[in-house]
Structures are given as C-alpha cells and as structure tokens.
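What follows is each chain in one-letter form.
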Amino acid sequence: MRHFLTTEDWSQAELQALLDDARALKQSPQNERLRGRRCALLFFNPSLRTRTSFQVGIADLGGHSVVLDAAGTWPLEVEPGAVMDGEAEEHVAEAARVLSTYVDLIAIRAFPKFENWSREREDPILAGFVKHATVPIINMETIVHPCQELAMLMALQERHGDLAGKKLCLTWTYHPKPLNTAVANSALLAATKMGMDVTLLCPSKEYILDEKFMRAGERFAAEHGRGVTVTHDIAEAYEGADAVYAKSWGRLDQIGLPMADRMTPENLKYFIVDEEKMALTNDATFSHCLPMRRNIKATDAVVDGPNSLIIQEAENRLHVQKAVLSALIGR
Amino acid sequence: MRHFLTTEDWSQAELQALLDDARALKQSPQNERLRGRRCALLFFNPSLRTRTSFQVGIADLGGHSVVLDAAGTWPLEVEPGAVMDGEAEEHVAEAARVLSTYVDLIAIRAFPKFENWSREREDPILAGFVKHATVPIINMETIVHPCQELAMLMALQERHGDLAGKKLCLTWTYHPKPLNTAVANSALLAATKMGMDVTLLCPSKEYILDEKFMRAGERFAAEHGRGVTVTHDIAEAYEGADAVYAKSWGRLDQIGLPMADRMTPENLKYFIVDEEKMALTNDATFSHCLPMRRNIKATDAVVDGPNSLIIQEAENRLHVQKAVLSALIGR
Amino acid sequence: MRHFLTTEDWSQAELQALLDDARALKQSPQNERLRGRRCALLFFNPSLRTRTSFQVGIADLGGHSVVLDAAGTWPLEVEPGAVMDGEAEEHVAEAARVLSTYVDLIAIRAFPKFENWSREREDPILAGFVKHATVPIINMETIVHPCQELAMLMALQERHGDLAGKKLCLTWTYHPKPLNTAVANSALLAATKMGMDVTLLCPSKEYILDEKFMRAGERFAAEHGRGVTVTHDIAEAYEGADAVYAKSWGRLDQIGLPMADRMTPENLKYFIVDEEKMALTNDATFSHCLPMRRNIKATDAVVDGPNSLIIQEAENRLHVQKAVLSALIGR
Numbered sequence: 001m002r003h004f005l006t007t008e009d010w011s012q013a014e015l016q017a018l019l020d021d022a023r024a025l026k027q028s029p030q031n032e033r034l035r036g037r038r039c040a041l042l043f044f045n046p047s048l049r050t051r052t053s054f055q056v057g058i059a060d061l062g063g064h065s066v067v068l069d070a071a072g073t074w075p076l077e078v079e080p081g082a083v084m085d086g087e088a089e090e091h092v093a094e095a096a097r098v099l100s101t102y103v104d105l106i107a108i109r110a111f112p113k114f115e116n117w118s119r120e121r122e123d124p125i126l127a128g129f130v131k132h133a134t135v136p137i138i139n140m141e142t143i144v145h146p147c148q149e150l151a152m153l154m155a156l157q158e159r160h161g162d163l164a165g166k167k168l169c170l171t172w173t174y175h176p177k178p179l180n181t182a183v184a185n186s187a188l189l190a191a192t193k194m195g196m197d198v199t200l201l202c203p204s205k206e207y208i209l210d211e212k213f214m215r216a217g218e219r220f221a222a223e224h225g226r227g228v229t230v231t232h233d234i235a236e237a238y239e240g241a242d243a244v245y246a247k248s249w250g251r252l253d254q255i256g257l258p259m260a261d262r263m264t265p266e267n268l269k270y271f272i273v274d275e276e277k278m279a280l281t282n283d284a285t286f287s288h289c290l291p292m293r294r295n296i297k298a299t300d301a302v303v304d305g306p307n308s309l310i311i312q313e314a315e316n317r318l319h320v321q322k323a324v325l326s327a328l329i330g331r
Numbered sequence: 001m002r003h004f005l006t007t008e009d010w011s012q013a014e015l016q017a018l019l020d021d022a023r024a025l026k027q028s029p030q031n032e033r034l035r036g037r038r039c040a041l042l043f044f045n046p047s048l049r050t051r052t053s054f055q056v057g058i059a060d061l062g063g064h065s066v067v068l069d070a071a072g073t074w075p076l077e078v079e080p081g082a083v084m085d086g087e088a089e090e091h092v093a094e095a096a097r098v099l100s101t102y103v104d105l106i107a108i109r110a111f112p113k114f115e116n117w118s119r120e121r122e123d124p125i126l127a128g129f130v131k132h133a134t135v136p137i138i139n140m141e142t143i144v145h146p147c148q149e150l151a152m153l154m155a156l157q158e159r160h161g162d163l164a165g166k167k168l169c170l171t172w173t174y175h176p177k178p179l180n181t182a183v184a185n186s187a188l189l190a191a192t193k194m195g196m197d198v199t200l201l202c203p204s205k206e207y208i209l210d211e212k213f214m215r216a217g218e219r220f221a222a223e224h225g226r227g228v229t230v231t232h233d234i235a236e237a238y239e240g241a242d243a244v245y246a247k248s249w250g251r252l253d254q255i256g257l258p259m260a261d262r263m264t265p266e267n268l269k270y271f272i273v274d275e276e277k278m279a280l281t282n283d284a285t286f287s288h289c290l291p292m293r294r295n296i297k298a299t300d301a302v303v304d305g306p307n308s309l310i311i312q313e314a315e316n317r318l319h320v321q322k323a324v325l326s327a328l329i330g331r
Numbered sequence: 001m002r003h004f005l006t007t008e009d010w011s012q013a014e015l016q017a018l019l020d021d022a023r024a025l026k027q028s029p030q031n032e033r034l035r036g037r038r039c040a041l042l043f044f045n046p047s048l049r050t051r052t053s054f055q056v057g058i059a060d061l062g063g064h065s066v067v068l069d070a071a072g073t074w075p076l077e078v079e080p081g082a083v084m085d086g087e088a089e090e091h092v093a094e095a096a097r098v099l100s101t102y103v104d105l106i107a108i109r110a111f112p113k114f115e116n117w118s119r120e121r122e123d124p125i126l127a128g129f130v131k132h133a134t135v136p137i138i139n140m141e142t143i144v145h146p147c148q149e150l151a152m153l154m155a156l157q158e159r160h161g162d163l164a165g166k167k168l169c170l171t172w173t174y175h176p177k178p179l180n181t182a183v184a185n186s187a188l189l190a191a192t193k194m195g196m197d198v199t200l201l202c203p204s205k206e207y208i209l210d211e212k213f214m215r216a217g218e219r220f221a222a223e224h225g226r227g228v229t230v231t232h233d234i235a236e237a238y239e240g241a242d243a244v245y246a247k248s249w250g251r252l253d254q255i256g257l258p259m260a261d262r263m264t265p266e267n268l269k270y271f272i273v274d275e276e277k278m279a280l281t282n283d284a285t286f287s288h289c290l291p292m293r294r295n296i297k298a299t300d301a302v303v304d305g306p307n308s309l310i311i312q313e314a315e316n317r318l319h320v321q322k323a324v325l326s327a328l329i330g331r
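Protein chains in written order, with the UniProt record's numbering: chain A, 1 to 331; chain B, 1 to 331; chain C, 1 to 331.
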C-alpha cells in the first residue's frame, strides 16, 4: 500500500510515469479504473477548486466520492495518550480507522494553523492519518501541495518539454495576509526533482522557506548537477529565466504572533510580476496556483498574455489527480 | 453553445418544447442523456430545494454533479482591470475558465445583495461567468429565476391547458424582510410570453418591479394582443382571475438603506391570499414558489385547498430542469 | 410503505433479518438493489460518520444520495395551523411533500434542542416528516438512534453469538456537556429486545432515562423473562457483565436550564471505563458509539484492548444501514 503525501517519497521516474498517465487521461478522460472504489475527501480548510477536480476526476474514473467538510467543526486530537478534556471530541486513531472501513482511499486537506511551526512542520494531522488508517492517503495540501506540483510540472512540460537545466524563478509576491508556504515548498521540490535550476526570490532572509525543504531542494538539484539560489535581487532572479512561478507566503519567524503583527507591509507590493520584469527573462512562461489576486500578484497583461499557464496548470490538477488515484487504487 | 440565463432569450416555441420534454420526463424520469457529463452547481446563496432537484435530475439522466457552496466563502471580483487588494481572492475570469475545464456545464445561484441596484440589475456575477466560461450556464436564480418560471408554466398548463388569454393575478404579499424580486420578475416574463393577461397587484407604486422587466412583460403581452395591468386594488386584481401567483418582494427604492429601514410594515399583512379574495376569482388556481410562510402569505385553507398548485409546481422544478439540461448538453 | 424510525416498531425477528442481511452485505458489499433510487440525507445537526456511511452505502447499492445540510440554516415550522411570522420560513408540510417528489427515501437527523423535553420527547420534526412525506423515512438520530442499535447488536452478535441471557452493563460516563440521551435510550431498547439482561449504571436517579424508554426496555426484557436493573453502584453493574456499553448523557430534569447550570460536575469523572472496572466483568467486550473522548470516557488500555468493539461497531453502521435501505426501498 502506498500513499501520496509528498513528492519527496516518489522518484523522478515514478513522478514522470504519473505525468505521462495524466497526459493520456487528458486525451481520454473517462474510464472504469475506479469502478466500485469509494474515496473520502476530508477538508479541514475550505476548497472549491480541489474539491471540484477531485470529485469530477473520481466520477470520470467510475468511482464514488464523499466530501467531508471538517472546517471548524471537527477538532481532532492527534497526540497519543491525550486525556481528551479539551475541544477535541475525537482522536485521529478512531477517525482514521473508521473511515478506513467505509472507503478505499482518504484524501486530506489540513493547513497548518501557523501557531506553532516547530510542531506544525511535522504535519501532525496528516501523519496521524497515515499512522492509523488502513487505506492509501492523498495529501490535498498541508505543509506541501504535491498535487499542485504535478499540475505545475505537467504544464511546464507541455510548454517546455524536458525541464532539465531550465531556469525557474520562484518569486515571492505581496499578499496582505501571511499565507501558507505549502505551494512554495512544493514548487521548489518539484522543480529541483526534475532537474531545473531554481532561483528563490524573496524580500529578505526572513522569507526563506523552512530549511527542511531548502535542503531537500538542494539535494534534488545536486543529483542533476544543478543548484538552488536564494536572492533578494529582482533582476538577478528574472534574468534568463525560462519559467516564473509566483506565490505569496508568510514569514516563518512570525508564526505564533498576533495576526495584526504578521500582515505583510505594503511597501513590498513592488514584487508584483509585471511586463517589465518578464522582459528580463528568456521569454518565460508565467504561472501561479489559483486563486490569484490580479494586479497584486501579477498584472493583467502578464496574466492574460500568451505565456500565462495559469488556466492550463489549474486544468491539469484534474488530470494528475486522476493519475495519482489510478496509481494508488486503480483496477 | 447556448445558455439558459433568462426566458427572455428563448422564444415561446422553444420554451414550449422544453415544457413538452419536461412532461415526457415526468412520465419516464430516468435515461442516459447526460452520461459522462459533469455539472457544477455553484451556490452563492443557500439552497435546499434547488440543490436537491438539480442533483437528483442530473443523476436521473446519468450525469454527475458537484455542489460548490460559495455562500459567504468565495468573494469573487467581477470588474475588469480591478486591483484586487480588497476582500476578493479570485477574479471571475479565472473562476469561470477553470471550472470550464472541469465540467460540461455551470449552474449558478447568485442573488443581488440589494446594496446597489443600478449595478445589480445588470446581474454582474452571472454576466461575468457568461463572459469567461467556455461551457453552457444555467441561472439557478439571480435577478430572475427562469427554472421557476418553467415549473410555474408547466403546473399552469397541467391544470389550465393553453394559457393564452387566461388572467393571472400576480400579487405581492407581506413578508417582514425585503426579499429578492427575481421570482416576481420571472412570473411576469413567463406568463406574458405565453399570452396571459397579467395583473400586478402591489401596495403602492414603490413596489412596482424594475422597468426593464415591466417593459419586457408588456412587449411579450402585446405580441399576443394582451396587456400588463398594475393595480393597488385587491378586488380589481382578483376579479375573474384564472390563476393567482403570490410572492413577496422588497421595494427597489429602498435598496442600499440599512436593513432596519427596509422592513415591510405590518399593516400590509392584509395582502394575504385567503378564501375571501379567492372567491372573487374564476375558481383560480393558487401558486407560490416555496418556501412559503403559512398564514402570512396565504391561509392554510388556500394552501391546502384543491386549487393549490404549490407542490406540483415545486415537483415540476425537477422535470423542467432536466429538460433544460438535456437541451444544453444532452446527448 | 414502512419507515425505520425506532426499533420499537420492528419485531425481534424482523431486526434479526436486518442483521442477517447486514452480515451478508459485509461479505459482498456491492450490488444493484438501489439502482435508480434517490435518497435525501437531511441533517439538522452536523455529521461526518453517519453521512459517510450512508453516502457510501447508497452508492454501494447503486443508488444516488443528496446530502442536505440544514444545520442552522433551515428552521422548520412543525405546528399545524401556525401563523408563521417567526424564524421559520417553511412548514414541514411543504418540506416533506416536496422532498417526496424528488426522492424515494428521506433520512433525517434532528437532535432535540433540550429546551423543552415534554415536547421534544415526542420527536416533533421526525413526526412531522412522517405525517406529511409520501416516501419511507429513516431515523439517523433524533431521540433514539436505531441505526446505531443495529450496529451495536451486530458487533455483539459477531463476538458473543446469541445474546439472550447475556448481561449488558450500560454505563453512564462523564462528559463536560449534557449530551443527547438517544444512544443510551437505543442501547437499552436494542439489548432488551434481543433478550439481554440490562443493568443501567448512572450516578444518581436524576440520570435515569425517560420513563417511556425505561418502560419499553422492561417490557421487551420481560418478554424474554429478563429484566432491567438500575444501579448507582459501579461494582454491582460491572460484576459478571458480558458486555459493557459506555455513553454520556445529560440529566432530563435540567433541560431548559442555562447551559452553564447543566455542565456535568468533574467529580463524576470516576465513571471512566478502566481496566480495574473491566476486571470485574466476565471478560466483557467494550463498546461506545463514536466519537469518544479517550481517557475521559474510557482509558486507552480499554479502548485499544482486544475486547474493544468500537471500530467494528462503527464499521457495522455501513452494513446495517444498507440492510435497512434494502428493506425499505430495495428492488
């Protein structure tokens, strides 16, 4: 039995096989690979895009999905041995074991709460399900977002072909709130695994991603003789890039502070992806996981330009997830 | 590619074809017309009846539906060129294009917020999806409610046969809150399109519907040599009516005021549909879209009487929606 | 047409037939018994386990389910003749009749609000649907929880075989909030119907269950020459028990008081099911409907021990509900 928790657990060849299958499913979307299979989609955070693409994908393969909206309503205990006299009415030990008797696969979205990063970086809810469930588990975004990674890689391969040696500019952008780092972590992991040269552009060292993802990215890059560069210099980052991936995220050193103290200063709005910056690149493609604030993260001209992959990447979520589902529980 | 946004876009013959198919589907409810088709049901406002009838109807035709509950959780930007530094995290341009890659049809419920009618009467969310989506769209109630119209017409035809020349009394009724005008607008459009004589009964001129719907109704009526009469005289409105349709709605001139200033005065409760008023009619049928407050909108005697069509009209939602789905994306 | 509202309406032989079918479905879970059938799952209170097991079960049998989340959003009027000028926008007369035109079965969860037990003990929402609906109805937990009863009986039979003459210790346990009595009522009804000797253990006479369930349990027990014993003595209750069923519930005499006055005193935590108490039994099995607070209701050692049936009982919800669905609307 295998899970899809992070691409770190999957080799480049295995990921490529998923991407190849996703391309086949894009051409021929409906079959019976999941006939009789039931999947629980468990959301501890809201979702529209992920929910829709999973539900449609499972139906396309002849399976059945149940959406469980646990956002705010199902505080789960994850600590072994806990005396449960607080908020939590249920322990993950029971939740995971019972769901495993109802369904053939559990997909989970559980963002960190950004209250205590030293604990949250261990992905405790996902880890709890992995420990106790007896069916395969898919990560629908926790501290990484591996389905988004595959969708990104698929879109990049569709445009660029082989990604080895291509330069990715992974740029932080402004957003008033301190967002989850998961997509940025994932873009770094996915790109380096495929042999891309990655430049991480962010306003200052406080915005650098957790070292466990930085080290993993460096390790993957090194396996291809590539590297990961961190810079705060916009021109350096965009210069010669083949692909620009934009995302906002919050500072890890501010986790746990009151939200009012964690809002991103407006003077960082100049990180917006615009035509001037894109002109520095090697005619780079542009992408961003959605949703995306227009004219804050990127200008309309970039978003609606011919090199924008945002819709294609979002569409690819459907195809890559079907490939993952097939790999884990397909007939 | 065709949408079902308002019956104004559909000719009388086309609407009749939908109604005829709905009657056939009422007899023989299950088939494979939507085999392999996926439909997103996007609710910006709560729904139980519409949601159930669409989900059941799509399943009856062999299709798959995904319910997206955006009520309060997904503020969408609809203005082109907006700098999105406010509440909205996503632009309708992306929402519509991405959903179009996941599904074959998008159905949308998006009530006006009744904050700014001059903008809201242009139905901006629905219009945004129409502009950007690449799949057919169904209106599940915005500023009109065309599915309710078809259900009403079907129930009236089942009882009255040909509706041409029949008199409809469309009566405002009391409700403490200023409700959406959509169903009233729609009842006017549908009835006049089928050649009914419509009398709109309301407490005063401030309750008259938006002139764009009044003018459309008059135009449709004129095509059949009929008319639309506005009256504040209860006896005149009920006199000789073949059908009474009841609905409450708020005053357009109060939109934007604080809610406390927009509550309907209790001294208008006398608009309730009761046996005394119904006795003035030509043994009229009674209907109301549901939900309906008993003994506020209409008395139990009327609601439960032999001429009440409320359950039949609600049931017909299922059948007419299946006819619309078949027309737009059926095999 | 038959409903599944309470096991009181079903004979021991009929319940055993459901349990026998559930065992067969546990071996062979998927078939076409509900092909073309549509079921509405109507939740006035949150649910994850019940929702999942019903949705999966209906899909396993080839049927289609629609989940209607009415929690907090759909105040229904249930009194005949009500002048509906309060919160409720719809009367159960319309809700039940309309849903009956859309689906072939309605399943309902509607907990008492514990504001007025003399009215709530008549189960007014469920009774309203029974009165007005024209399709079969399943109780998904109101003042009793008959699906949980069947799951409990199935798990007990799987371990103990014939239950006649076996001793069940039904023990109250601490929980800070005054919970619904439904599962306790149901455990009493189910066990006595199968001929078990039941000992109800609770802190004091104020915790004894509603007399209508106590009397029914005594009547069922008497039909087998058994009895129902009430005790506040822990040793007496556990002594020689073959099965221990744990559950917390609130005092009926405190219903209607402010919640702050209804919290369970912490000095009753000693009712926790632990190894010391279990050592008094006849190697009893342990069960509890889920969710369950670990180390509050029962210790980890008991919960994770070899005699714990909690996961098996939860799994059985799926199987017994499929048997009930088949009995009511199966082909």
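Check the hints yourself; a few may be wrong.
To be verified - Computed beta-carbon distance windows for the label pairs:
#1 B:Gly-225 <-> A:Thr-73: 51 to 61 Å
#2 C:Thr-134 <-> A:Leu-257: 21 to 31 Å
#3 B:Lys-113 <-> A:Lys-212: 25 to 35 Å
#4 A:Leu-257 <-> C:Arg-2: 45 to 55 Å
#5 C:Glu-115 <-> B:Lys-113: 25 to 35 Å
#6 B:Ala-71 <-> C:Asp-253: 53 to 63 Å
To be verified - Calculated cross-link-like contacts (lysine-lysine; reagent style DSSO-like; alpha-carbon spacing at most 30 Å):
#7 C:Lys-269 <-> C:Lys-205
#8 A:Lys-113 <-> A:Lys-26
#9 A:Lys-177 <-> B:Lys-113
#10 C:Lys-212 <-> C:Lys-177
#11 A:Lys-131 <-> C:Lys-212
#12 B:Lys-26 <-> C:Lys-131
#13 A:Lys-26 <-> B:Lys-26
#14 B:Lys-177 <-> C:Lys-113
#15 A:Lys-113 <-> C:Lys-177
Since the hints were made in silico from the structure, they are not lab data.
Please read all numbers here as calculations on a predicted model, not as lab measurements.
By construction, the Cβ of each residue, glycine as well, lies at the ideal position given by its N, Cα and C atoms.
### Task
State the violated hints by number, sorted upward, taking the hints as numbered earlier in the document.
The structure conflicts with hints 2, 3, 4, 6, 8, 11 and 13, although it agrees with all the remaining ones.
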